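Fit chain to chain and form the complex, with the hints in mind.
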Amino acid sequence: MSIAAQRTDETGGQRTPAERRWWLRSLLALIVLIPAALAVMSYDSVREFLGNRDFFAKEVAWGSKARFGGSDWQLTDLRAALGRADIPPEVVPVLVDLTVTVGETDLQTLWLGCKVMLVDAAGRRWLPTAAVSFRQTDDAKTCISAIFSSARSGDVLKIRETFLVPKDATATIRPAIGVASERPTFLLFERPRD
Amino acid sequence: MMRRVANIAVLLVAAFLCYGMQTTTPHYADLTAPIPVYGKIQDTILTRTFDIAVDKVVFARTLKFDQFGKQNLLTSGGVWAIVTARLDAADRSAMVAAATWQGPDRLNYRTSERASSAAGALPIALDPGVPGRTRLVFEILPSQVSGATLLVSGKLAGPLDSEARIALGSVATQPNGLPEGVTETYELGDTF
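First to last, the protein sequences are chains A and B. Everything in the first sequence is counted per this note's numbering, starting at 1 for the first residue and increasing by one. Everything in the second sequence is counted per this note's numbering, starting at 1 for the first residue and increasing by one.
Hints are supplied without guarantee of correctness; some may be wrong.
Subject to a maximum C-alpha distance of 30 Å in a straight line, what follows is the list of computed BS3-like cross-link-like pairs (lysine-lysine) [said to hold, decoys possible]:
| # | chain 1 | residue 1 | chain 2 | residue 2 |
| --- | --- | --- | --- | --- |
| 1 | B | K155 | A | K167 |
| 2 | A | K115 | B | K155 |
| 3 | A | K141 | A | K115 |
| 4 | A | K158 | A | K141 |
| 5 | B | K155 | B | K56 |
| 6 | A | K141 | A | K167 |
| 7 | B | K40 | B | K56 |
| 8 | A | K58 | A | K115 |
| 9 | B | K56 | A | K167 |
| 10 | B | K155 | A | K141 |
| 11 | A | K167 | A | K58 |
| 12 | B | K40 | B | K155 |
Keep in mind that the hints were calculated from the coordinates and are not lab data. The structure presented is a predicted model; accordingly, all values stated were derived computationally and were not measured.
Isolated chain B (complex conformation) (with noise of 0.2 Å):
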């Protein structure tokens, strides 16, 4: 009897533990997602392949830029987010090639396309030693301006490979949502 009812514990166990780590088995894609190199805003953030340190963001209604000799406006029913940083390889000439604005509200914004011919969007080639630059210019809600994470990676889809998360910290609002300090109009210029 004793014998028996132990067996049935032990079988109910087995079960529990077999749907237990069903349950909570990773997903592939979380088994080989980018490692995260976490900072904040000012920090010099190591990845594998390249250091990064953003230096400012900028908000803005409107963006003005030159193309094939024509002057362009883009305008926004969002807002504009322009963040410039200092690149660097770490020991071998490298790539950065995706960056994405994360608000908090988890929504991602990868870089936008409409302003991916200005000077130092990405992808940017980086050579050790040889300081770089990139000029990464997001088109966002204003909902997602204050608390934004910056994530940054040498490929498109990076598995198992560091991927940059800066914090880019609080920014007041004002009372029509918009960030407090946004330019009315940025020039995406040649020098930044």
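Chain A with its partners taken away, still in its complex shape (with noise of 0.2 Å):
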């Protein structure tokens, strides 16, 4: 090992070839622990951030079935409200009716932060409204009043929710469904067809 092939220090020591080699690796180490130090720190708040948002759409075709927070879902109806006379002319209600069998009970864990939804082509979203309501002559449940009616494997629900949309979003828009134990994940059905 000559002298000229050793490198001088901040101190003015010299460093082995064996401590250079160690200075490279753990210089090339931060390449790795940086990003991966960010990563495990963001982990939570990814997590958390992607909880809470409907993300990624799962598509389920008109008439079929879809397995989500283990239960089977199925768009039953779409349709617009018409001929309310509070309601001004340019907006329309719009009820959706879902039938769920349930598989596993345990709703209030699997549903919880059950949101239904409407989504348009522009990407615009409506939650249920509590501007309108209608009177009910069937069973039907709301998401949330679902999650309390203590049903049992095998039972079919009927959920309905009504919205208040723009004339203009109706000739687009599609129901949607997200619960807490599979966001990102949200159902995105197909619009009924005749």
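Dropping the structure here:
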């Protein structure tokens, strides 16, 4: 080993080849360790962020069922409710009917944060409204009230939600459903085919 | 000798820098404060979740409204400020939950609980494309009328979320301290 091959460090000391090798290894390790540390530290935040969001759509064709939150979901109807005098003409109340065959019965865990939505072609999203309500002639529930219905496995629940949507959006709106146990994935139903 | 002086100088600079950083550290509440979106009366202000445009501001001595089938008269030692505004959701259903009247002396008034059961009071649920309205009622000191700012946000506490800050402009004052054009009785009807 010649003297010329050795480098001098800041304190004026000489670095042995073994030190130099470890110095390089440490430097290279930082390239891996710094991103890894960032990933570990932000993991919880990212999971929380995605767990609160309906991000990835799982398409469901008209007439078919999809397993979601331990139960089988099917869109049965999407219709406008016209002829209400107390609603301005440019706004349309829309009713969404879903039929759910309960599989796993722990709905209070599996369906927590249950949210039925309407999504239009422009990506706008509507949540159920409390501004209008319609008299129910059947035993339809909302998603939240279904959670507390103590349904048993195999029961078929009818879920109905009401929305207020501007007229221009009615041509493209599609129903969707998200629950906390499945987020960031959500179900996006195809519009009813005639 | 020079080396020692230099060392002391570096130490002093370091101490000074540390002290400076300590005294100028922003409070956590400031770091995570709402993000303001500024505008003035009649402007449409676009926040992250909703759009708002203030139509008008009216001042009154007394409020009148029906509650549980009974007529209520609300008097005040100060003055009532009634703000009507148009609202719209941005791209998804949203809530507007909090409004504050910030006077020129930085006195902050939340919307009055006394009139919170009248139509148009917060919180208001908004749907995209469905025009919404709100009527905010504040009970304020007459000295806080002119040069006030209206703060409106989607949540009661919204860290790092946008907040509309609307300059309401100056209002002429009568000799008795009340704003010019104050109405004696304002009726909080179902339509506004």
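Hint-by-hint comparison with the structure:
1. B:K155 - A:K167: holds, 28 Å
2. A:K115 - B:K155: Holds. A:K115 to B:K155 sits at ~19 Å (cutoff 30 Å).
3. A:K141 - A:K115: holds, 13 Å
4. A:K158 - A:K141: Distance of about 6 Å is within 30 Å: holds.
5. B:K155 - B:K56: Answer holds: B:K155 to B:K56 is near 23 Å, not above 30 Å.
6. A:K141 - A:K167: holds, 26 Å
7. B:K40 - B:K56: holds, 11 Å
8. A:K58 - A:K115: holds, 15 Å
9. B:K56 - A:K167: Satisfied, since the Cα-Cα distance of roughly 29 Å is no more than 30 Å.
10. B:K155 - A:K141: holds, 28 Å
11. A:K167 - A:K58: holds, 26 Å
12. B:K40 - B:K155: holds, 21 Å
The structure is consistent with each of the numbered hints, conforming to all of them.
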